[in-house]
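Visitor: My request is simple: use the sequences and hints to build the entire structure.
Residue numbers (the working numbering), protein chains in the order written: chain A, 1096 to 1458; chain B, 1096 to 1458.
Keep in mind the hints are simulated off the structure, nothing from the lab. Some hints could be false.
Any copy, or any two copies together, can satisfy a pair, since identical chains are not distinguished.
[As the list claims (entries may be wrong)] Calculated lysine to any residue pairs in the SDA-like style (CA-CA distance at most 20 Å, straight line):
{"no.": "1", "residue 1": "Lys1347", "residue 2": "Thr1434"}
{"no.": "2", "residue 1": "Lys1307", "residue 2": "Ser1189"}
{"no.": "3", "residue 1": "Lys1399", "residue 2": "Ile1119"}
{"no.": "4", "residue 1": "Lys1399", "residue 2": "Gly1123"}
{"no.": "5", "residue 1": "Lys1307", "residue 2": "Pro1168"}
{"no.": "6", "residue 1": "Lys1214", "residue 2": "Val1196"}
{"no.": "7", "residue 1": "Lys1307", "residue 2": "Gly1169"}
{"no.": "8", "residue 1": "Lys1244", "residue 2": "Met1376"}
{"no.": "9", "residue 1": "Lys1375", "residue 2": "Val1444"}
{"no.": "10", "residue 1": "Lys1399", "residue 2": "Tyr1321"}
{"no.": "11", "residue 1": "Lys1138", "residue 2": "Gly1316"}
{"no.": "12", "residue 1": "Lys1138", "residue 2": "Lys1267"}
{"no.": "13", "residue 1": "Lys1138", "residue 2": "Arg1351"}
{"no.": "14", "residue 1": "Lys1375", "residue 2": "Leu1298"}
{"no.": "15", "residue 1": "Lys1214", "residue 2": "Gln1417"}
{"no.": "16", "residue 1": "Lys1307", "residue 2": "Gln1186"}
There are 2 protein chains.
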Amino acid sequence: MNLRIPGPTPLPPSVLQVLQKQMINHRGPEFAKLITGVTEDLKYFFETENDLFILTGSGTGAMEAAIANFLSPGERVLSVSIGNFGDRFAQIASAFGADVVKMSVTPGTAADPDEIGRKLAADPAITTVLVTHNETSTGVTNDLESIAKVVKSYEKLLIVDGISSVGSIEIKTDAWNCDVVLSGSQKGWMAPPGLAFASLSPLAWERFAAAKNPRFYWDFGKAKHYLETGETPWTPGMSVFYALEEGLRMMKAEGRENVYARHARVAQHCRDGVQALGLKMYADQNYASNTVTAFYTPEGLSSKIMAKELEDEYDTVVAIGQGATTETTMRIGHLGWVTEAEIDAALDVIGRVIQKQPAGQAR
Amino acid sequence: MNLRIPGPTPLPPSVLQVLQKQMINHRGPEFAKLITGVTEDLKYFFETENDLFILTGSGTGAMEAAIANFLSPGERVLSVSIGNFGDRFAQIASAFGADVVKMSVTPGTAADPDEIGRKLAADPAITTVLVTHNETSTGVTNDLESIAKVVKSYEKLLIVDGISSVGSIEIKTDAWNCDVVLSGSQKGWMAPPGLAFASLSPLAWERFAAAKNPRFYWDFGKAKHYLETGETPWTPGMSVFYALEEGLRMMKAEGRENVYARHARVAQHCRDGVQALGLKMYADQNYASNTVTAFYTPEGLSSKIMAKELEDEYDTVVAIGQGATTETTMRIGHLGWVTEAEIDAALDVIGRVIQKQPAGQAR
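Guide: Listed below in structure tokens is the structure:
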């Protein structure tokens, strides 16, 4: 199967191999070595010296962890949404009682840092900014460096959903002053879903100390205490740890900058190929994502029908759209274990499916 | 390695085999089939027709899910604790603002159903009872049937931590009227950690509708909505699903009653063997657990030293105690993929370690 969704991503053979490793004691020396090494490697890709914790849960769990650990009920938060995952962050904050000021954009576009600055200037009660680095639902990457600069000029806490970016698209957590950065194992890391990551700056710890939202399972204070002895507070998703260790080994062997360059190259290859098929891109191409490409299906051709035919006839799995454009857009994931070859194979069969449709023409 | 802790438990070869399966689309037909089948199989072992959901997280995550979904801040809750995991349930409820009435017992003993009845009679504001079916920290199994009878006679919501019991020790969720029952993949299910399970009675759904605690990641309403199309709200721990499916296949092939009988037999074998070594049992033997056996180390011999020697010299991993008896008790796990042979091997080397100690004599 050519699995070309933006996560779970395909696992390389050596990752599949280590998934066969037998269970070990999560409170013993072998696991302490494992979590210590994996944590260090993640910090290298997060480009941070901050604390970093590995949670057992999905990426959305890490988003909830950020809300639970750093906010209090009634606290005013600017939630910058450029798509479904930005909306989700706002929803979690609201569910926990935050006073959410939502800033949305035209779907397919990026957030304007200056607009964020104006919102912060106009509303000094805002303490915290939630922002998506890479929006999986639209295939847009925000200019996080510029956004961070604005947010930090107002001295707000900056919480970044980097779930589908970190490890694939460069993020300079410390240099850009990102207080909290989140990611998930099933994205660029070439591991199965089930672990999520969060880095915490000193300011994040200050907020942690003051925050009043209820927290237990996601409590970073407990995570910090246990990590000191190479443990997690609760039983960790052990097999995903094995996979993650191997995925990180491969990423380091390739070289951090080479990993980013490959993602950029393969993404460009994908965008060129989609356009060569006469399909219209969904995202503003100035902010096109290097991990996922979204495009409109041909006029009159539902993404659901296309996706079903791609799977049934060609063993190729792409993602349909999300939200309002579920049926009119499709998304190709190109993160983690991917080269131009898998993209060519996917584009080839997408072209065949379109050609077969009598109504198939560019939208 | 002879891994004899009460979870993660060793994985059978066929489970390790399926862990090698490539990732699939978590929003596609293959996963829909997988989650539907696994959910049905879990219901069979939970002995329930209630809704049952699979969460991506540890067992503690399922405990937090129960608190988040069914309680409101200030709500009065009776938390029946017979050890560390019972304490944890009370702590989670407190973290979410519940008004917790805690009932504790002498460590190593079970909860007295009549005492629970007296607490409920004396304090009609209590809406909900939290109880541990099998306490992993002490090796005690509560008489859940009798406890449930009392709790339901007062018409309270009954939430059961069955993390280390369900699938290994019989629990009649529906016949006993247990409203919410929790378990975790790394216990009797012969799968890695990373998935947790919760069954919900109609009364639980009523409480869900009224509960005001913040919930998002653990929201059972969202889980129900997505399960209708064979999905989970957030990306599921896919590889653990593969393992769980195979573990359940093995359990069904053995037969539910045979699985319980094997656990009872192996547990008795373990208890007999520990006593034959001259060691004193920690748990009240009338309530001895069929999934974990706790015993005192010989006088003057720390469990940490014993555990280290067992691991370093004999490749055998047992658990040390928890809480006040961390250093003076040890615990042998016998749940999931286990027979008398692994217990004999563990007891043999425990006997050798004790004999080597100059001070080694029964406490």
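Visitor: Could you run down the list of hints and mark each one as holding or not?
Guide: The hints, checked one at a time:
1. Lys1347 / Thr1434: within (17 Å within a copy, 42 Å between copies)
2. Lys1307 / Ser1189: both (14 Å within a copy, 13 Å between copies)
3. Lys1399 / Ile1119: This pair counts as between: shortest inter-copy Cα distance 17 Å, intra-copy 42 Å.
4. Lys1399 / Gly1123: Result: close only across copies, 11 Å inter versus 48 Å intra.
5. Lys1307 / Pro1168: both (7 Å within a copy, 13 Å between copies)
6. Lys1214 / Val1196: For Lys1214 and Val1196, the Cα distance is within 20 Å only inside one copy (9 Å; across copies 46 Å).
7. Lys1307 / Gly1169: both (10 Å within a copy, 15 Å between copies)
8. Lys1244 / Met1376: Answer is neither: 29 Å inside a copy and 62 Å across each miss the 20 Å cutoff.
9. Lys1375 / Val1444: Intra 17 Å, inter 68 Å, cutoff 20 Å: intra-copy only.
10. Lys1399 / Tyr1321: For Lys1399 and Tyr1321, only the inter-copy Cα distance (17 Å) is at most 20 Å; the intra-copy one is 45 Å.
11. Lys1138 / Gly1316: Classified as within; 18 Å inside a copy, 36 Å across copies.
12. Lys1138 / Lys1267: This pair counts as within: shortest intra-copy Cα distance 11 Å, inter-copy 47 Å.
13. Lys1138 / Arg1351: within (12 Å within a copy, 46 Å between copies)
14. Lys1375 / Leu1298: neither (43 Å within a copy, 51 Å between copies)
15. Lys1214 / Gln1417: Neither: 27 Å inside a chain and 51 Å across chains, both beyond 20 Å.
16. Lys1307 / Gln1186: both (18 Å within a copy, 16 Å between copies)
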